[in-house]
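Visitor: The lines below spell out each chain.
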Amino acid sequence: MANNDNHNAYWRANVRLMLVLLAIWFTVSFGFGIIAVDWLNQFQFFGFKFGFWWAQQGSIYVFVILVFVYTAKMKKIDRQHGVSDDEEG
Amino acid sequence: MDAQTLTYIFVFLSFSLYIGIAVWSRAGSTSEFYVAGGGVHPIANGMATAADWMSAASFISMAGIIAFMGYDGTVYLMGWTGGYVILALLLAPYLRKFGEFTVPDFIGTRYYSGTARIVAVVCLIAISFTYIAGQMRGVGIVFSQFLNIPITWGVIVGMAVVFMYAVLGGMKGITYTQVAQYCVLIFAYLVPAIFISILITGVPIPQLGLGATVLDGSGLSVLDKLDATLVDLGFAPYTDGSKSTIDVFAITMALMIGTAGLPHVIVRFFTVPKVSDARLSAGYALLFIALLYTTAPAVGAFARLNFVDTVHNTAYTEVDGWFKSWEDIGLIAWEDKNADGKIQYHPGTPFEGKPTFDDSRRADGSRVVTNAPTANTNEVYVDRDIMVLANPEIAALPAWVIALVAAGGLAAALSTAAGLLLVISTSVSHDLIKKTFARGLSDKKELLAARIAAAVAIVIAGYFGIYPFGFVAQVVAFAFGLAAASLFPALLLGIFDKRMNNTGAIAGMVSGLVFTLAYIAFFKFWSPELNTAEHWWFGISPEGIGMIGAAINFAVAFVVSRSTQAVPEDVLGLIENIRIPKGVDEPHLH
Chain H
2 MANNDNHNAY WRANVRLMLV LLAIWFTVSF GFGIIAVDWL NQFQFFGFKF GFWWAQQGSI
62 YVFVILVFVY TAKMKKIDRQ HGVSDDEEG
Chain V
3 MDAQTLTYIF VFLSFSLYIG IAVWSRAGST SEFYVAGGGV HPIANGMATA ADWMSAASFI
63 SMAGIIAFMG YDGTVYLMGW TGGYVILALL LAPYLRKFGE FTVPDFIGTR YYSGTARIVA
123 VVCLIAISFT YIAGQMRGVG IVFSQFLNIP ITWGVIVGMA VVFMYAVLGG MKGITYTQVA
183 QYCVLIFAYL VPAIFISILI TGVPIPQLGL GATVLDGSGL SVLDKLDATL VDLGFAPYTD
243 GSKSTIDVFA ITMALMIGTA GLPHVIVRFF TVPKVSDARL SAGYALLFIA LLYTTAPAVG
303 AFARLNFVDT VHNTAYTEVD GWFKSWEDIG LIAWEDKNAD GKIQYHPGTP FEGKPTFDDS
363 RRADGSRVVT NAPTANTNEV YVDRDIMVLA NPEIAALPAW VIALVAAGGL AAALSTAAGL
423 LLVISTSVSH DLIKKTFARG LSDKKELLAA RIAAAVAIVI AGYFGIYPFG FVAQVVAFAF
483 GLAAASLFPA LLLGIFDKRM NNTGAIAGMV SGLVFTLAYI AFFKFWSPEL NTAEHWWFGI
543 SPEGIGMIGA AINFAVAFVV SRSTQAVPED VLGLIENIRI PKGVDEPHLH
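Listed in order, the protein sequences are those of chains H and V.
Heads up, our numbering is the position in the first sequence plus 1, with the first residue counted as 1.
Heads up, our numbering is the position in the second sequence plus 2, with the first residue counted as 1.
Keep in mind that the hints are not guaranteed to be accurate.
In silico BS3-like pairs for lysine-lysine, Cα to Cα no more than 30 Å straight-line [as the list claims (entries may be wrong)]:
1. V:326 x V:227
2. H:76 x V:500
3. H:76 x V:584
4. V:584 x H:77
Chain V stretches covered by chain H per the calculated footprint, using a threshold of three residues with CB under 8 Å from any CB of chain H [what the hints assert, rightly or not]:
5. 64-76
6. 89-101
7. 276-286
8. 289-302
9. 460-469
10. 573-586
Please keep in mind that the hints were generated in silico from the structure rather than gathered at the bench.
Every residue gets a Cβ at the ideal spot worked out from N, C-alpha and C, and that includes glycine.
Starting from the given sequences, assemble the full structure and let the hints guide the process.
Guide: The structure is reproduced here in structure tokens:
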């Protein structure tokens, strides 16, 4: 059952990466943009109140980066475990 | 040339382009009709997804809502982008690997149950029709304001165009039309935003202009000036919200997971060749969407600033033409409460309800409002949906920019309408007819059924466009609540919980859907007078209740699945298979 072990290891690596990225996703949006917005608003950032900037600008930039990071890292993890869809036509 | 002639030209050119693409990319098989044959490039699919996604609500309504809600508008900005992170990480790659045609396909197969498939079809149709009604109203508004065509005829022209490329081209036609529509709509959104940003701050990038210093010599930044101006008039500061933190949290969450559960978005990821392409494509889609969504808050803030500047304390006889032309179609109204001949803009509604007019005019030419005036000092009613469309006129931009915005608004509404029509028609022809009632149906007959279903759906959608039932964005918000509470949990558990069985998933979907529908219906239709924070459960408004609906769905599904029989072996094999990218098939033909 070496194949199954490999698949399980692959799945664990995938879930670990996913949880890290989702933690960042939650922190920038619900954390900075909503829960901590009033506290962050005491700081100025390029003419914005900092909390307001996270809510209406910063969180969206981070979302985009997160998805591209996920895509790149998953490609690597796919290859490491030999489950990549690369070599197929 | 005047704005109206230019608008006719722009709209005609863009419509010809869409129809040309539709004829060129006519679908010949169900695989092409349902998922464009599974051969769309990730970047093209990213653009198509962005156009599919950004509807009349995003293009026409959102910046206007932000303009009037300030910080509270955040729920839409984060909610409608953050959902793509969930979609990319939790759903899209696995559903692509599954490799079927529709969302109910996945639910029906994963939960080995015809009942689950039917429940998913019902959720899908409820969601998609709620959503499409908003699009058709958007089409109607654009036609009536810019082309002086009655809303009814505007909707009919829109229906005819969508009919051409959705019914002929199916997913293949829709995909390549949406790529063109994305280019039109993003150009149409960015050009006026850049113009206005330069006019107000001298900074050509709206995202930075929003934080830059206003060029009026006050030395204040845009947001500080807006805060100060609004506080002067009696409003709350722009950068502070009036919604409670829990409500903002709930609405944002409901919109995010609702986004991830929307069938017309999910099926876009069935059209790319590989699992890794589905991930990449989600990244491009979000990038293309973020371009508009990070511009929208700037557009909103600039629009509010310009609106106050040009309207407040201006004599009606001297106010700009746009004020009067929107007043003519009833989306702006003015009641001169203090009889000084000037327009005063303050918080509160100027009179009870939406404005109704009799046919007479006052001596200064303004329309007579028949509503009973309220006691406050605000004299202006303005429909929030008009801000993006009126913005170029308010800022006195050249006529071609105004025409461009009209074409962009139509591109946004039509592209989303087409995507929604497609999922409605495929779920009828594929899930209801082929997989439920007429199992032996040939590919050719199934294709015909899909085309007929699309045609019928267009007519129903057009009816809702002519007889709308609410604000564009408000109606659309309900679709998200329903998607969040019904489809999203079933899809997520189907991939990540190997022990989730048919009974659990069905019980979860039904309870989530029924709870959310009941909560929304109670506060919006049954007793709208109780629709205030003190009556809401946990202080969560109907817009945000999808979050609780989803939690109920998860909880019910978990408990029921753990107390009923185990998942069969072959389904466990299916789950193992979709978790691995290798060995992806073209979408099946069976």
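Visitor: Would you mind marking each hint as holding or not holding in the structure?
Guide: For each hint, the structure was consulted:
Restraint check: the Cα-Cα separation between residue 326 of chain V and residue 227 of chain V comes to about 27 Å, which is no more than 30 Å; the hinted pair holds. Distance check on the hinted pair: residue 76 of chain H and residue 500 of chain V sit about 24 Å apart at the alpha-carbon level, within 30 Å; holds. Simply put, residue 76 of chain H and residue 584 of chain V have alpha-carbon atoms about 12 Å apart, close enough for the 30 Å limit, and the pair holds. Only pairs whose Cα atoms come within 30 Å are accepted, and residue 584 of chain V paired with residue 77 of chain H is accepted, the gap being roughly 13 Å.
Chain H is given as covering the stretch 64-76 of chain V, and this holds because 4 residues of the stretch bring a CB closer than 8 Å to a CB of that chain, at least three being needed. Coverage of the stretch 89-101 of chain V by chain H holds in this model, with 4 residues showing a Cβ closer than 8 Å to a Cβ of that chain against a need of three. Only when three residues or more bring their CB closer than 8 Å to a CB of chain H does the claim for the stretch 276-286 of chain V stand; here the count is 7, and the claim holds. Under a criterion of three residues with beta carbons nearer than 8 Å to beta carbons of chain H, the stated coverage of the stretch 289-302 of chain V is upheld, 5 such residues being counted.
As drawn, the stretch 460-469 of chain V meets chain H at 0 residues by the rule of a beta-carbon pair under 8 Å; below three, the given contact is violated. Coverage of the stretch 573-586 of chain V by chain H holds. Counting CB-CB distances below 8 Å, 7 residues qualify, and the rule asks for three or more.
Against the hints set out earlier in the document, a violation occurs for number 9 only.
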